[in-house]
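Dock chain to chain to rebuild the complex, using the hints, since each chain is given by itself in its own frame.
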Amino acid sequence: MAFEALDFYRIDDELSEDARIVRDTVREFVDKEFLPLVVEHVRRDGSFPMELVPKMAELGLFGSNLHGYGCAGLDNVAYGLIQQELERGDSGLRSFSSVQSGLCMYPIYTYGTDKQKDRWLPGMAAGEVIGCFGLTEPDFGSDPGGMLSRAEKRGNAWILNGTKRWITNGTVSDIAIVWAQTDDGIQGFIVEKDFAGFEARDMKGKFSLRASITSELFMSDVEVPEENRLPGVKGLKGPLGCLNQARYGIAWGAIGAAQACFDEALQYSKERMIMKRPLASLQIPQQKLVKMATEITKAQLLCLRLAKLKDEGNLRHPMVSMAKMNNVDMALNVARDARDMLGANGIVDDYCSMRHMVNLETVRTYEGTHDIHTLILGRDLTGLDAFGG
Amino acid sequence: MKILVCLKQVPHKDARLEASGGWIDEGGIKFEINQYDTYALEEALRIKDAGEAEVVVATIGPDRTSQALRTALGMGADRAIQIWDDSLSGADSLTIAKLLAAAAKDESFDLVLMGLMSDDANNSLTGPMLAELLGLPHTTGAMKIELSDGKAQVERELEGGSLQVVDLPLPCLITVQTGLNEVRYASLKGIMQAKKKPLDKKGISDLGLDAAAVASKVTVDKLYVPTKGEGAEILEGSAGEVAQQLVGKIKELGLL
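First to last, the protein sequences are chains R and H.
Just so you know, we're using the working numbering here: the first sequence kicks off at 1 and counts up by one.
Just so you know, we're using the working numbering here: the second sequence kicks off at 390 and counts up by one.
Any given hint could turn out to be false.
Straight-line alpha carbon distances no greater than 20 Å define the calculated SDA-like cross-link-like pairs of lysine to any residue that follow [what the hints assert, rightly or not]:
1. H:585 / R:68
2. H:402 / R:28
3. R:55 / H:625
4. R:32 / H:576
5. H:402 / R:6
6. H:578 / R:24
7. R:276 / H:522
8. H:578 / R:126
9. H:578 / R:58
10. H:402 / R:53
11. H:578 / R:122
12. H:578 / R:53
13. H:578 / R:194
14. R:55 / H:578
In case anyone wonders, no lab produced these hints; they're calculated from the structure.
Extracted from the complex, chain H is given alone in its bound form (with noise of 0.2 Å):
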């Protein structure tokens, strides 16, 4: 069984963000793995360690990433894949996808697993897509997967509460949701055993792409914190006559 688990490096949820172009401002902050991700990296550690798997983790990012590479290495994971080139700065998921593509095509992945959406993006596209480009059959938003007899029974949560489960024959591509199980933590000593473990940094063109091939279709125009007032009305005074005012506002909006 080889698994490939792909994963990106997002601002700590903590971070103080600033906007900064399309984008922020990277500097001085701090970066943790995505946490969908690190869901689908315990699942595939899970089924390393019920029977033989090699984990492979491949993300996309500037040198910083690598820690999260050593991260998941530190984990349990067998080797890394970090791809990068300065014009992927902001590069959108069809582009994401098609670099993930080109990197697993010759490695015969049987189970490709990564977080449903990313914390910072939330676009929840890069899944399907790299599917899509490896020809797999996918599902995302698992809660539960279970292999047997060279297929994965999925359950996935639906809107509402509600679970359905599905079926994908093996070689497939599920994303999962956060909370399908207990992330574990990395253990010092296999901190240290990490920095023994292949990590291979690869550029467009060492994946057999071109600049062209992997232009971003997608544009940021802005990225923005909405203004705060517009529309808001501050309540004054004690408690009782806050809790009367807003009384009032409701009926005279006719809200009740």
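With the rest of the complex left out, here is chain R (with noise of 0.2 Å):
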């Protein structure tokens, strides 16, 4: 059976035409290119189709809400609905998107020079140039002021050391976007993957995101032009901002992984008997269906309207934390619930809700953990500081 997406309170009706035409534009590509392919991956630990990383541009997945530079300029919804449409195949779809996207032609465009933009974003949007951003550290997760990676500057050029951790699509990138501490604060450094001194190595062994490359980045004294260093930012705010643009597609993403278990899961169980009976036509079932509903639709208003903030320049920073939070939440709670419904089948791969249950898994702790998100919201409400440290 097709995927049906649910759509209880008609939201499509809230939306524009160029919305939803930009919506079942990316369903179809997924449909059709991407989930033949999803399981080889997910069955080789590690692994991404790069053959579709043409097609992606050529759609105009990279930088879509970026203007200029060979990007479409979407708003935000539109742009949302993609990372919900990706999703809805794999997070490690998404998070290829993502990462191009929001972490890297983001920090370019927004906190680089003229010529830096000029030389990497139309290549970016392109899918010629790939590229991956170092914030995290072996030792330094959620408290990434921490860092140990350094840049000292020697004349014109600046020397880099570190170590970066869980950094995705390392091994395939051309450049990476790589944060260090300097003198003068953290700032952002444009690495090229021919620098010497520069390695990425891939990780294996992940249960989770198994449709997606994960690497680590070793820097050991590499030299750094100046002028790849990006002027426009300093201190942690830098990383953050990219962080915010990627959790705000997290927050959209997640609607997508629930709306694929709870197909799967709604259609499963009208057909699996039971007792001579469907499956769904039994009171337990029924309450797991609609309790999933409830929440996807719930999370479905919830992104519209931040959408509709970031859009407007009304959004603040613990509102996308909110959404991020609870929409990866929800979403765990609808694959495992839709893995349990459907039994036995729900553990092998011919059925996606536990694939993208053990993916939620990283979603939940990439991009500030679940724990954290709780804490900015916590600090916000109560202008008090519950870190620690």
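Here's what the structure looks like:
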């Protein structure tokens, strides 16, 4: 059976015509081009169907909410709907696009010089240059300000040392946006893969996000020219500004993953017979389906409002935290219930719910963990900082 | 080269449909461009990519159909014509063909392309009727179209899988089969640019017609899903038992 998206509150009626066209186009792309490939890549432990990159670029998925440089200039509703549809395919697909667009193109676009923008953005929009984002380190995740990576100014260049871990697309990237301590606070650098002393290695053995490449970046006395420093920002607000973009996309993406699981559980339970009646005719499965549909609908409304706030310029970052925190938690619960309703069939890769379920464990952790977003919101509501340290 | 592509917006292939009067309840369901027509559009866009051509898309339908036209513009069509009047709800094929003919008659199109049939009504009538009204030669079910020296060479599919090759002088009308090309996606940039491309909305009188001229002659009495059960017998038991019973039935009915 083909996927049917839940739209219980007719949210479609709230969307502009071009947002609907964008959403339907990406949905069709995911159905036809990505989903036939996903299981093969999941089985290969950390690989992405790189052959899709030119097609994703042709569609205009990279930097789709940026203006100029070959980007589509979409509003934030359409941009969000794209992330929803990509993650309906797999969190790995959405991650690929999020990292390229929100974590790599966005900082060059926002903090970069005109020369940097002209040099990198057209190629990145065209999928000819792939980028990754180096913030997290082996010992510094939720407290990135403690990072050990350091850049020292020497003449007209910077000497960069450090290690970054959990870096999506590291080994397939042409450039890395690396954040490092300097005498002037944390700054961002565009590190090119051919720079001497730079190395990326794949990380294997992941239970989660298996259709995605995760890497470590090693920098040993890498000489980065001054012209590759992002001059527009200093301090943690640089990388956090990028993460805010990516978190916004995740809040939408989680809806897509939940939709895929809900639809699978609904269709399965209507067809699966137990005690000579459909599973869906029993009260406990119905309760699960109702809970899923209600939570998905609430998440949709949250995102739609968030998108409008973003387009109006009235977005505050704790609002994004609330949507990321709520929607990923929602999606993980939906995926677990869906997996449960599929019984033994739910543990094999003929079905998507468990794949989404284990992916969402990563999504719950990255781009600000669930608990960190709770603390961000706690601080925002009370005015009191509970982060410790 | 000026090409008209006629397309229809039909219920999405996965939409859950409920019969309502002579048609379906259209509330809350998704629509898409008729699959056959997407191949016609792609063929027109390929002709445009290979040389110079203006591609015009036209449809007959209410407000919701502008999404189909904008999608076509996002794929690369140059302008769109949307024809509608509430009295046209449930219009028959001849009415549709008359409206399209009126919209096309002053445009001197070199080529008119459309799907062989619509995924919802399955009539396969609009193309040939439109060709007759415009006085154009036509052929149906194209699997391949080649244009050269003012003519179109068309490979068309016949029953049993054989192919027939026909030549038509331009201007002409061709209806296409699914699968004659690989249909592109609208690009996100194209979708944004499509907002600036012209989409003309026309009513019946804008086309120089009146209600009587486009009154449908065919009326639909009823649309329904046949009830299940009559004439069917469900065999019960294990796979082996069911197979034995089935063999018995086949022999009993003298089917072998």
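Practice task
Mind checking the alpha carbons of residue 402 (chain H) and residue 53 (chain R) for me, to see if they're no more than 20 Å apart?
Solution key: violated, 28 Å
Problem - 20 Å Cα cutoff - pair residue 578 (chain H), residue 53 (chain R) - result: holds, 17 Å
Practice task
Could you grab the alpha-carbon distance between residue 585 (chain H) and residue 68 (chain R) and see if it respects the 20 Å cut-off?
Solution key: Holds, because 17 Å separates the two Cα atoms, which is no more than 20 Å.
Problem - 20 Å Cα cutoff - pair residue 55 (chain R), residue 625 (chain H) - result: violated, 50 Å
Handout entry: Pair hint outcome, residue 578 (chain H) versus residue 24 (chain R) [Cα-Cα no greater than 20 Å]
Key = holds, 15 Å
Problem - Distance restraint between residue 578 (chain H) and residue 58 (chain R), which requires alpha-carbon spacing of 20 Å or less - result: It holds: about 9 Å lies between the C-alpha atoms, which stays within 20 Å.
Practice task
Would you mind confirming whether the straight-line C-alpha gap from residue 578 (chain H) to residue 122 (chain R) stays at or under 20 Å?
Solution key: Given pair residue 578 (chain H), residue 122 (chain R) holds - Cα atoms ~14 Å apart, limit 20 Å.
Problem - Given hint residue 6 (chain R) paired with residue 402 (chain H) - CA-CA distance at most 20 Å - result: holds, 16 Å
Handout entry: 20 Å limit on alpha-carbon distance, applied to hinted pair residue 402 (chain H) and residue 28 (chain R)
Key = Within the cut-off at roughly 12 Å; holds.
Handout entry: Satisfaction of hint between residue 522 (chain H) and residue 276 (chain R), Cα-Cα up to 20 Å
Key = violated, 58 Å
Problem - Straight-line alpha-carbon gap residue 578 (chain H) to residue 194 (chain R), limit 20 Å - result: violated, 32 Å
Practice task
Verify the proposed pairing of residue 55 (chain R) with residue 578 (chain H), using a straight-line Cα cut of 20 Å.
Solution key: Status holds; Cα separation ~14 Å.
Hint compliance for this structure: hints 3, 7, 10 and 13 are broken, all remaining hints hold.
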